[in-house]
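Asks: Sequence:
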Amino acid sequence: MTTEDNGNVGLLKPMSSSNEDLSEYTDADESISAPTEFLAEFLSAVMLKDYLTALKYCKLILQYEPNNATAKEFYPLILEKLQQMTADDGSSNENESEDEEASDGNSSSSAESDNTTSSEESSEGHGVIE
Numbered sequence: 001m002t003t004e005d006n007g008n009v010g011l012l013k014p015m016s017s018s019n020e021d022l023s024e025y026t027d028a029d030e031s032i033s034a035p036t037e038f039l040a041e042f043l044s045a046v047m048l049k050d051y052l053t054a055l056k057y058c059k060l061i062l063q064y065e066p067n068n069a070t071a072k073e074f075y076p077l078i079l080e081k082l083q084q085m086t087a088d089d090g091s092s093n094e095n096e097s098e099d100e101e102a103s104d105g106n107s108s109s110s111a112e113s114d115n116t117t118s119s120e121e122s123s124e125g126h127g128v129i130e
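Sequential numbering from 1 applies to the sequence shown in our numbering.
It should be emphasised that the hints constitute simulated quantities derived from the structure, not laboratory data. As the structure is a prediction and not an experimental result, all values here were calculated from the model. Just so it is clear, CB atoms sit at the ideal spot from N, CA and C, and this is done for glycine as well. Worth double-checking, as some hints may not be accurate.
Taking lysine-lysine pairs in the PhoX-like style, the calculated list, with each CA pair at most 20 Å apart, reads [what the hints assert, rightly or not]: (1) K49 x K72; (2) K59 x K49; (3) K72 x K56; (4) K59 x K72; (5) K56 x K81; (6) K49 x K81; (7) K59 x K81.
Label pairs and their calculated CB-CB ranges [claimed, not checked]: (8) Y64 x S92: 23 to 29 Å; (9) N67 x D89: 32 to 38 Å; (10) A87 x P66: 25 to 31 Å; (11) E94 x M47: 28 to 34 Å; (12) S91 x L52: 18 to 24 Å; (13) E94 x Q63: 27 to 33 Å; (14) K72 x L48: 17 to 23 Å; (15) D89 x Q63: 25 to 31 Å.
Whole structure, please, built from the sequences with the hints as guidance.
Replies: See the structure below:
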C-alpha cells in the first residue's frame, strides 16, 4: 500500500498488466490450489477421526509444502493416534475372546443354577400339596 499526499492510504497499482503477467499469476494459482484442496480434505478427515485418510493427506501436503505448520504439527499426533488405535484393536480382540470364553462358562453355569432352583421349587411344591 502507498500513502497518498493527503495522508490517505491508497492501493498498490501493478506496474504493467500484460497478458504475460496474468498468465504467470494464473499458473501460480493453479499450482497452489492442489495443496489447498489437500488441506481441506486433511482437516475434514481429522474432524471425522478418519486418521488413515488424514495421514494420507498430511503426507501429500508435506510433499507440496514441507514447511506447512499445520501438517507438521499434526503428523506425529496422527501417527500416535493410529498406533493407539492399532494397540486398542489388538487388546480389544484379546479382551473380546476372553469375554466370550467367560460368558460361555457363565451362561452354562447360570443355566444349571436356574435348573437347580426350579427343581427345588417343584419338590417344595410337592411337599406342600401332599
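Asks: Taking the hints in turn, state whether each one holds.
Replies: Structure-based check of each hint:
As the CA atoms of K49 and K72 are separated by approximately 18 Å, the hinted pair is consistent with the 20 Å bound. Among the hinted pairs, K59 with K49 is consistent with the structure: their alpha-carbon atoms are about 17 Å apart, no more than 20 Å. The straight-line distance between the Cα atoms of K72 and K56 is roughly 13 Å, inside the 20 Å bound, and the hint therefore holds. Of the supplied pair hints, the one linking K59 and K72 holds, its CA atoms being roughly 9 Å apart against a limit of 20 Å.
Using a Cα cut-off of 20 Å, the hinted pair K56 and K81 holds, with the two alpha carbons roughly 14 Å apart. Note on K49 and K81: the hinted pairing holds, with a Cα-Cα distance of about 10 Å set against a maximum of 20 Å. Note on K59 and K81: the hinted pairing holds, with a Cα-Cα distance of about 16 Å set against a maximum of 20 Å. Roughly 37 Å separates the CB atoms of Y64 and S92, a value that falls outside the hinted 23 to 29 Å.
For the pair N67 and D89, the supplied restraint of 32 to 38 Å holds, since their beta-carbon distance comes to about 34 Å. Evaluation of the 25 to 31 Å hint for A87 and P66 yields a pass: the beta carbon distance comes to about 30 Å. At about 31 Å, the beta-carbon gap between E94 and M47 stays in the expected band of 28 to 34 Å. At about 19 Å, the CB distance of S91 to L52 agrees with the hint of 18 to 24 Å.
Our hint of 27 to 33 Å for E94 and Q63 is violated, since their Cβ atoms are close to 37 Å apart. Evaluation of the 17 to 23 Å hint for K72 and L48 yields a pass: the beta carbon distance comes to about 21 Å. With their beta carbons about 29 Å apart, D89 and Q63 fall inside the hinted range of 25 to 31 Å.
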